[in-house]
Amino acid sequence: MISIVVPTRNRAHTLRRVARSYFAQELVDEVIFVSDAGEDDSEAVVGEIAAAHPGVRMRFLRNASRLGASQSRNVGVQACSNAHVLFCDDDESLEPGYARTCLAKLEGLRAAAVSGRRIYMQPGETAAEALRRFGNGLRDSVPFRPVLCEYVNGARFAGDRLQPITNAVILTRRELLLAYPFDGAYARGNGYREETDYQMNLFVHGHDLWVTNDCHSLHLPLSQVRTGGQRTQAWRRIYWSIHYTNHFFSKYYKAYAARLQLRTPRALAMVAFAAFAVYRELLRPPLHALAMAWLRRGARRGRRRLPTAA
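If you're matching positions, the sequence shown starts at 1 in our numbering and goes up one per residue.
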């Protein structure tokens, strides 16, 4: 059986939307929420949802002081009663069958960790509409950029892929989590790479991680997520992304590059990532908006030019 661990802090409004999907997962008989010294009514919200699923144990743990998401994950792992642990964020739901699919992949591929694909929903979109829109991905891109050590979430691919890291919604083994616990150093700012630190720790120790297109998590539209690291200002996100990537590279880059046979020096990879972080936060959003506006304008012009019936 599988335990789900969800680190959270003052996210009753998102848990109300997503937590039912945790309790409805096949092979899951335990859901553990770890509140990082939260102050809202999250416990009451998930307690009401849990009451409708008596076959699934629910535990709501609360840190006495703020420890960050990484240490909250470690707290949840210590409390788990199952050999397999599925992590989920408190602002995304799980497609039916997510846990079962990941467990089958974990065992069939002899993997250390497996994730599905993550879909960022649009405002007003249903889960079915989001799944149809996403398909096998949204853009032609390599799924992983080795120099930046970045997983490309929306890249098109089908089936299963072996990668050094994936998204945060992973199924893994409790024995590995005890051997390679999450690093609590990512507690401030946006916590960038806090979930991939464990994944990279597995990778550099010779374990395999897979991402499959056969199941999906659905992230709430950002307009519905009022708190959390991703809502900090752009320059703060840039700072913390670079800060934590430097910490991440200092721990893993040498062994990571050796396993991938990557020849790029760590210092050059760090410069490349810093440039990418600035581009991603400051340049890509307006360029994307401009491109979308141009496409909409072209579509309107095309409709105006359509011949009318005689």
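Any given hint could be a false lead.
So the derived label-pair ranges between C-beta atoms look like this [claimed, not checked]: (1) 131 with 16: 35 to 41 Å; (2) 280 with 53: 37 to 43 Å; (3) 223 with 82: 41 to 47 Å; (4) 223 with 57: 31 to 37 Å; (5) 122 with 78: 36 to 42 Å; (6) 64 with 268: 42 to 48 Å.
Okay, derived cross-link-like pairs now, EDC-like style, lysine to aspartate or glutamate, Cα gap no bigger than 20 Å in a straight line [claimed, not checked]: (7) 254 with 125; (8) 251 with 95; (9) 254 with 214; (10) 251 with 214.
No lab work stands behind these hints: they were computed from the structure. Here the structure is a predicted model, which means the values were calculated and not measured. Beta carbons: idealized from backbone N, C-alpha and C, even for Gly.
Against the structure, the hints come out as follows:
Under the hint 35 to 41 Å, the C-beta atoms of residue 131 and residue 16, about 22 Å apart, miss the expected range. The hinted range of 37 to 43 Å is satisfied by residue 280 and residue 53, whose Cβ atoms lie roughly 39 Å apart. Checked against the hint of 41 to 47 Å, the pair residue 223 and residue 82 fails, with Cβ atoms roughly 35 Å apart. Look at residue 223 against residue 57: about 33 Å separates their beta carbons, and that is inside 31 to 37 Å.
Taken as a hint, the range 36 to 42 Å holds for the pair residue 122 and residue 78, whose Cβ atoms sit roughly 37 Å apart. Checking the proposed 42 to 48 Å range against residue 64 and residue 268 shows it holds: the Cβ atoms sit about 43 Å from each other. The hinted pair formed by residue 254 and residue 125 fails the criterion: a straight-line CA distance of about 43 Å is larger than 20 Å. In summary, the hint linking residue 251 to residue 95 is not supported, as the alpha carbons are separated by about 34 Å, beyond the 20 Å threshold.
Our distance criterion of 20 Å between C-alpha atoms is broken by residue 254 and residue 214, whose separation comes to about 33 Å. Restraint check for residue 251 and residue 214: not satisfied, since their Cα atoms lie roughly 32 Å apart, outside the 20 Å limit.
Going through the hint list in order, the structure does not satisfy hints 1, 3, 7, 8, 9 and 10.
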